[in-house]
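*Asks:* Okay, here's what each chain looks like letter by letter:
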Amino acid sequence: MTTKQTSAKTLEPPKMDEKEFLPYKGRTPDIIQRPSRNYWQQAFSKLKTNPSALISLLIIIALVVFTLIGDKIWTVDPYDQDLTQISSPPSFNKKALVIPDKIHYQPIIQPSKEEYTLKTTSSGMSVIGTPTTQFIAFKWQPVAGAKGYQIFRHEYLPQHIDDLGVPLGENEGGEHVSYLDALRLEPIDYFYSIIPIFDEGQSTQYSTIKLTAMDAIPLSDAVELGIIPIHQKTNYLGKFIHLPAHPLGTDYLGRDLLARLIEGAKTSLFIGVLAPLIFVFLGMLYGGISGFLGGKADEIMMRFVDFIIALPFLLFMILFKVAFGIGPGESGIFPMLMALILLSWPSVARLIRGQVLQLKEMPYIQASKLMGANVFHLTLKHMLPNVTGLLLVTLTFAIPSAIFTEAFLSFIGMGVVPPTPSWGSLCNDGIHTLLTHPHELFFPALFISVTVLAFNLLGDGLRDAFDVKMKEDQR
Amino acid sequence: MSETLHTQKTTSYPWLAYAIKRLISGVIAIWFIATATFFGMHLIPGDPLSSEKKMSPQIRKNLEARYGLDKPLLTQYGIFLKNIAKGDFGISFTQENRRVNDIIREHFPISALLGVLALIFATLGGIFLGAFAATHKNQLSDHVIMLMVILVVSVPGFVFAALSQLGIMKINDAFNTDFPIAGFSSLSHLVVPSIVLGLGTLAYLTRLMRSSLLDIESADYIRTAKAKGLSNAQIFAKHKLRNALLPVVTVLGPAVAGITTGGFVVEMIFAIPGLGKYFVEAVQQLDYTVIMGTAVFYGGFLVLTVILVDILYGWVDPRIQVVK
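If you read the protein sequences in the order shown, they are chains A and B.
The opening residue of the first sequence carries number 0 in numbering that gives the first Met the number 0; numbering runs sequentially from there.
The opening residue of the second sequence carries number 0 in numbering that gives the first Met the number 0; numbering runs sequentially from there.
What the hints contain is simulated information worked out from the structure, not anything from laboratory work.
All of these numbers come straight from a predicted model, not from anything done at the bench.
Glycine included, each C-beta is placed from N, C-alpha and C at the ideal position.
Just so you know, not all the hints are guaranteed correct.
As the list claims (entries may be wrong) - Cβ-to-Cβ under 8 angstroms is the rule here; a few derived chain B residues that face chain A: (1) Phe131; (2) Val152; (3) Tyr312.
Unchecked claim - Stretches of chain A that chain B covers, calculated by requiring three or more beta carbons in the stretch to come under 8 angstroms of a beta carbon on chain B: (4) 314-323; (5) 397-407; (6) 451-461.
Produce the entire structure from the sequences given, and follow the hints as far as they go.
*Replies:* Now the structure itself:
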């Protein structure tokens, strides 16, 4: 490896700094010499010429900062449920109307007048009070001869009687001509339709009204969230107040997504970084020993490695994860860590063993042995420095795949246990509301993708910089 | 893979000796998978009989006897191995009287069909895109393809699956079409899932194909072909493509493994009743026999695929003799 590098160097001169050719102080000016640079300096100077690797490094540093001190800056509790803002899209400055806690709504009972018939317009329908996200109430003219009414809600103007949207309920009795809707309302336009029911069945006529729900918050909730002081709360009734900001929106339980992403980053990066650190170390030990011993011992040790590599990875990941068990109140991080380590060290061992086998035949190692170097000297002075580049690159590529594995397991519900968030479980939560609130999947997916991308690009850069030959393998 | 140059003829059928040797190690690997699954299973706290329904001790005892759970662990292990050798995976715990063999027979073909479609898409697409990128090196199209490859590799597969479902819905809404979003009742249900499933492998093969084509750019035989006066198209089809395809063949084995396990998520999201979906459900319900059966089946399938690809490789590339 090292000899290859030096021979390559004599063939094509590396790019050099002009400064390196300046005359040395205290020497004769005609000697041009560049300072000798060691392996790490060489690798680093090569890495510096790779912009995508550098940007990736910055992104990774930013992510680490985000994970470590994110919750000191954004102090919202990731487990706090803000039920006034469920699945709300990203917002900084949302205003809401303060309304009384008790809904003042009396069902309207009005006997029908014979002459009134229904038209396919909003005529005859009218709103009661202010339509808000807490509740929307409306009433309509009684239809002659109706035995009751069916009420529907849609998010766009219905074009046909078969396309009226969600059936909300049914009023029994032709004189019950009002309806109160409090079913998961959001600050958007709603189209409410009614169909009268006659003795002979449903009418073919319907009537629709468009109502726009306004953001509203019940008084006691506003007090509980600490937005308005308790002793003068009645002053705020009917006024607009600012709701707590959620820069990345909230999830399906009204929990702040940014806070959950910070908390999830701890889980995802903890597993994603710690597991590779441990299994790369174990693989290095095992592979190093195997390669160093050689012969029969090496063959037996490597046969064992072959078997573990033959295990279908994700299948056994799931199996071991379950086998290590989760007690009550545990987050499931430890079993996942164990399973990842158990299944991942063999490929590192194989890589290192190959490298050690090559190194063993190198003349300088032979020479060192001949001069009486013992095992420790050989390992520490010759072997280890020559595999560090490979180890670093392996580690950098192992991190994104560990993050992926965690995300995958949490996504299929075999990973961390709720309510502990991880990026994968946030994606899993988000996918259920994908159609209506895409931000809940988008942000966690974005974090996973950017992290994985950054580590992959950095790994590519490191591989080029350390000039490591790796056999790419895919799971 | 351990191939050395063919120096001496040990038998008249060198590949046969190699195949037998590989098959024996494959059988040992399958035994290892079975053992790991068995003891992994029995590490799990609780068992499939400890359900929410209260069971009288007598019934429990009978059930344990029926499933052989009353015997010592090592005896159970022996019976398990013996049954596997006979190709019998036992009876499911949660789906009464349903044999695991039947579950595999019914649901594996669906997974296999999905996997084969994904593999075809990934291989053809990867070879084409990789070749296109290599022949347009450092042009805009090359950069665009390589950027897409990096993006595809960095985005989790389930995100693509979810987005494609959203996409189909939007298309159905916009054009009033009725393209299936989930489920499985016809081949058209598998089109989008197999594309989603194959994307990762496609990206990987594209990168491999491109670098493999660029590697042989300066090979001696290409220069010779140029010197002979062959046209660029001829050189590409006869010399470059065929040689560049060799590394692609070697990764087909691992690619099958990747696609098979990646199929779990795709099957779950698209509600395709394949074996992967069953496996995940069985793990959730601690259905011992189904878990062990599917794990051993999948493991054996993958081991055999890798062996097959290795043998195939010796056949595709005559320069490499598989004899040791």
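*Asks:* Work down the list of hints and note, for each, if the structure agrees.
*Replies:* Results for each hint:
Hint on B/Phe131 is violated. Least Cβ distance to chain A is approximately 21 angstroms, over the 8 angstroms limit. A cut of 8 angstroms between beta carbons decides the hint on B/Val152: the least distance to chain A is about 7 angstroms, and the hint holds. At its closest, the beta carbon of B/Tyr312 sits 15 angstroms from a beta carbon of chain A; the interface hint therefore is violated under the 8 angstroms criterion. Figure legend: the region 314-323 of chain A, annotated as covered by chain B; annotation consistent (8 residues with Cβ-Cβ distances under 8 angstroms, at least 3 required).
Counting residues of the region 397-407 of chain A whose C-beta sits closer than 8 angstroms to any C-beta of chain B gives 4, which meets the bar of three, so the coverage hint holds. Counting residues of the region 451-461 of chain A whose C-beta sits closer than 8 angstroms to any C-beta of chain B gives 4, which meets the bar of three, so the coverage hint holds.
Hints 1 and 3 from the list above are not met by this structure, while the remaining hints are.
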